[in-house]
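Residues per chain are reported as follows:
2 protein chains.
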Amino acid sequence: MALRMKGVSYEYIEQDVLDKGELLLKYNPVHKKVPVLIHNGVPLCESQIIVQYIDEVWAGANGASILPADPYERATARFWAAYVDDKLFPAWLGILKATSQDERTEKVNKTLAVVAQLELALAQCSNGKAFFAGDSVGFLDLVVGCNLFWFEALRRMFGVVFVEEGKTPLLAAWAERFGESGAARDVVPDADRAVEFAKKLMARRGSAPAAN
Amino acid sequence: MALRMKGVSYEYIEQDVLDKGELLLKYNPVHKKVPVLIHNGVPLCESQIIVQYIDEVWAGANGASILPADPYERATARFWAAYVDDKLFPAWLGILKATSQDERTEKVNKTLAVVAQLELALAQCSNGKAFFAGDSVGFLDLVVGCNLFWFEALRRMFGVVFVEEGKTPLLAAWAERFGESGAARDVVPDADRAVEFAKKLMARRGSAPAAN
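Chains A and B, in that order, are what the protein sequence lines are.
Going by the working numbering, the first residue of the first sequence is number 2, and it counts up by one from there.
Going by the working numbering, the first residue of the second sequence is number 2, and it counts up by one from there.
Keep in mind that the hints were calculated from the coordinates and are not lab data.
Check the hints yourself; a few may be wrong.
[To be verified] Some chain A residues judged to face chain B by a derived CB distance under 10 angstroms, without partners named:
no.	residue
1	V35
2	L45
3	E57
4	A76
5	F80
6	V85
[To be verified] Label-pair ranges, simulated between beta-carbon atoms:
no.	chain 1	residue 1	chain 2	residue 2	range
7	A	D187	B	E166	47 to 57 angstroms
8	A	L19	B	A173	19 to 29 angstroms
9	A	R194	B	A173	40 to 50 angstroms
10	A	Y28	B	L26	55 to 65 angstroms
11	B	Y11	A	I14	43 to 53 angstroms
12	B	D17	A	A204	44 to 54 angstroms
13	B	L19	A	Y73	26 to 36 angstroms
[Stated by the list, open to error] Simulated crosslink set (BS3-like; lysine-lysine; CA at most 30 angstroms straight-line):
no.	chain 1	residue 1	chain 2	residue 2
14	B	K33	B	K108
15	B	K111	A	K21
16	A	K88	B	K130
17	B	K27	A	K108
18	A	K111	A	K201
19	A	K88	A	K108
20	A	K88	B	K168
21	B	K33	A	K108
22	B	K111	A	K27
23	A	K34	B	K168
Note that the coordinates shown come from a computational prediction; the quantities given were computed from them, not determined experimentally.
Even for Gly, the Cβ is constructed at its ideal location relative to N, Cα and C.
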């Protein structure tokens, strides 16, 4: 999404993270995780670090920054982005990995609590504007937004809804706008593929089956 | 350390993190953690985000940046800084929190493995220079460096040595230089106080006593 925002063309190489290829092990030996951006022959790892790198290297066609220009707004975006990585991602991943229904319920509730906090963050950050830091998609939109297709996968698999008008009206309207934005459209992976991957992960880990 | 590097004067307000005060709860309601920087009446939270904010807001007397100017070097510094937060900090904190000697041994070994990885990182990043990203203290030096007085506390409490010439020659020489640098001297907390705090934390959590 960040490369698209900057109008940079790239080659996308799919990696099976349940059967890691040599390229991934070579370019991210420390974490062995995707994504990895290879630029000028050297690897960049960790999603948020890659997005900041892209923002610093390419000015983009219209010169728009992904991170806000103001230091306080940048810090706020980084604060909530770190919150997503530290709290949201492990919470919903825990739903898949849970080995009992009780553990799964606990992780669902944890995810709901984190999403409720993000609803408040959106109210504070956006101040009535369309996206987290203004009128166009920025850093925090990308960081929160890349969880949305997983939410859809979790809804299909477990019947839980994390973002909806009744519970999180601001996030629900934002998610709609984000999905239709130039950054996300045609790039965000399909929820079908997320479901397929999640089922493989659960089988591999011996997770509890979906109850419904 | 970052404020000192920029020549910015500040008021330091001590917080007892085992008995959190109203100021901390007011200014960091999400994580309820130190440090918090209050600037222009608004709070900034999370150490690494605060340091980047300070770097962006204050140019410093000599105009020196804390983060490197080059985007790839910035990304590298951020990568290893995230590694310290994600791997090093929980590993050594786990030594204190361990409820059995076996768990403690496991966390000591985990910490040693993470430090060994940082020795390799220092070799790669510094390329023979005095600090992680060049001839003067920068972002990654601060992030790694603020763990050093805890290492000293752990050595006194458990007799384990993480950074020493025999095992990690580059980090050992770097730690010496860092401790004598203008950024760290007179600012890094005393290991005695770290030991005192660690003992309180262990008593509070019902951790296993130190075996030696």
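query: Are Y28 (chain A) and L26 (chain B) spaced within 55 to 65 angstroms by their CB atoms?
result: violated, 43 angstroms
- Are A76 (chain A) and chain B close enough, Cβ to Cβ, to be under 10 angstroms, as the hint says? With Cβ-Cβ at 4 angstroms, under 10 angstroms, it holds.
### Task
Starting from K111 (chain B), check that the Cα of K27 (chain A) is at most 30 angstroms away, please.
With Cα atoms ~23 angstroms apart, K111 (chain B) and K27 (chain A) stay inside 30 angstroms; holds.
Q.
For K111 (chain B) and K21 (chain A), compute the direct alpha-carbon distance and say whether it is at most 30 angstroms.
A. holds, 24 angstroms
Margin query: Given the hint of 40 to 50 angstroms, is the C-beta distance from R194 (chain A) to A173 (chain B) inside that range or not?
Written below: Since R194 (chain A) and A173 (chain B) have Cβ atoms about 48 angstroms apart, the given range 40 to 50 angstroms holds.
### Query
Would the pair K88 (chain A) and K130 (chain B) pass a check requiring their Cα atoms to be no farther apart than 30 angstroms?
violated, 37 angstroms
Hint says 43 to 53 angstroms; check whether the CB-CB distance for Y11 (chain B) and I14 (chain A) agrees. This hint holds: roughly 47 angstroms between Cβ atoms.
Next pair to validate is K88 (chain A) with K168 (chain B); report whether the Cα-Cα distance is within 30 angstroms. violated, 35 angstroms
Does the closest beta carbon of chain B sit nearer than 10 angstroms to the beta carbon of E57 (chain A)? holds, 4 angstroms
Holds or violated: K33 (chain B) with K108 (chain A), Cα cutoff 30 angstroms? holds, 22 angstroms
Sort out whether K108 (chain A) lies within 30 angstroms of K88 (chain A), counting only the CA atoms.
Cα-Cα ~11 angstroms, so holds.
*That 47 to 57 angstroms hint for D187 (chain A) and E166 (chain B) (C-beta), does it hold up?*
55 angstroms Cβ-Cβ, so the 47 to 57 angstroms window holds.
In this structure, the earlier hints numbered 1, 6, 8, 10, 16, 20 are contradicted, and the remaining ones agree with it.
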